[in-house]
Amino acid sequence: MPRRLIVIGAGLIGTSIALAVRDHGADVLLTDRDPAAARLAAGLGAGVVLPGGPAAYRGAPADLAVLAVPPAAVPAALRDAQKHQVAHVYTDVASVKQAPIAEAAKLGCDLTAFVGGHPLGGREWSGPLAARAGLFRGRSWVLCPTGESGAAAAATVTALVRACGARPVLMDPAEHDRAMAVISHAPHVVASAMAARFVDTPETIMRLTGQGARDVTRIAAGDPRLWLGIMSANAHPIADVLDEVARDLARTASALRSEGNTAVTDLLVRGRVGHGRIPDPQKVEDS
72 MPRRLIVIGA GLIGTSIALA VRDHGADVLL TDRDPAAARL AAGLGAGVVL PGGPAAYRGA
132 PADLAVLAVP PAAVPAALRD AQKHQVAHVY TDVASVKQAP IAEAAKLGCD LTAFVGGHPL
192 GGREWSGPLA ARAGLFRGRS WVLCPTGESG AAAAATVTAL VRACGARPVL MDPAEHDRAM
252 AVISHAPHVV ASAMAARFVD TPETIMRLTG QGARDVTRIA AGDPRLWLGI MSANAHPIAD
312 VLDEVARDLA RTASALRSEG NTAVTDLLVR GRVGHGRIPD PQKVEDS
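Numbered per my numbering, the sequence shown spans residues 72 to 358.
It is possible that some hints are incorrect.
[To be verified] Here are the computed distance ranges between Cβ atoms for each label pair:
| # | residue 1 | residue 2 | range |
| --- | --- | --- | --- |
| 1 | PRO273 | ASP311 | 33 to 39 Å |
| 2 | GLY96 | GLY342 | 43 to 49 Å |
| 3 | THR336 | GLY96 | 52 to 58 Å |
Please keep in mind that the hints were generated in silico from the structure rather than gathered at the bench.
For glycine and all other residues, C-beta sits at the position ideal for the given N, C-alpha and C.
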């Protein structure tokens with residue numbers, strides 16, 4: 072596994088990666104546009120703060136730089152990190168791949184040294200205090216090599232994934248973005264839409280809410296600014312899924328008004344079948 076890393080972005084994901092590799096004895100430098108976040112992550116044992124960020128780096132290139140920044144920030148972060156030669160290999164953690172890779176190419180980034188990455192582990196909370204060394208254990212970690220990614224770069228990033236206890240999964244960037252629209256991005260919109268119903272719901276009624284309401288709306292607690300960036304970068308695939316959901320909801324609402332039980336039953340049955348296809352994390356981890 073990489074022995075020397077620079078983590079650019081000391082939030083939930085970046086700090087969790089740093090904590091995981093620190094458990095394997097790796098040396099980690101941390102930087103964040105918010106110096107307080109980097110100091111907090113360092114205080115948790117995730118590494119040592121790099122004051123001034125990549126521009127201030129003067130050592131030999133690290134084995135790997137992890138760009139733990141939002142999708143829209145990945146291209147510029149990659150350009151700046153490569154300009155200052157902070158590492159031999161670079162990866163990111165963004166949940167959108169096509170747009171950042173295309174923009175990085177436009178900026179003249181060296182894509183032979185870059186392998187896109189997306190660890191499929193997270194929490195509804197953000198920031199270094201929410202980080203966990205075991206956050207990715209047993210989880211899938213999608214790797215999206217560009218058409219130019221070198222074999223050595225791919226091997227280095229794959230070693231990082233395994234050191235974090237995750238399973239590397241190779242995907243094309245476009246395939247990745249369509250998949251995330253279905254299993255992550257559109258569900259977040261749907262959860263937010265349901266949670267938004269509660270804004271004007273009387274307090275006397277809110278006191279009656281139970282586990283069902285919490286389960287359905289849990290991910291709506293995510294950072295709106297972060298999720299706006301994700302959705303903007305993957306807008307069309309998400310909109311396509313939401314159109315399908317909207318058609319289902321419209322048919323169901325119409326059926327309920329006309330007492331047409333067939334359409335309602337159809338949605339409930341398909342929903343149960345679809346839910347049954349979600350893998351059990353414990354069984355996946357043990358397989």
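Outcome of the hint check:
1. In this structure the supplied range 33 to 39 Å holds for PRO273 paired with ASP311, their Cβ-Cβ distance being about 36 Å.
2. Take GLY96 and GLY342: their Cβ atoms lie about 47 Å apart, and the range 43 to 49 Å holds.
3. Remark: the range hint 52 to 58 Å for THR336 to GLY96 is upheld by a beta-carbon distance near 57 Å.
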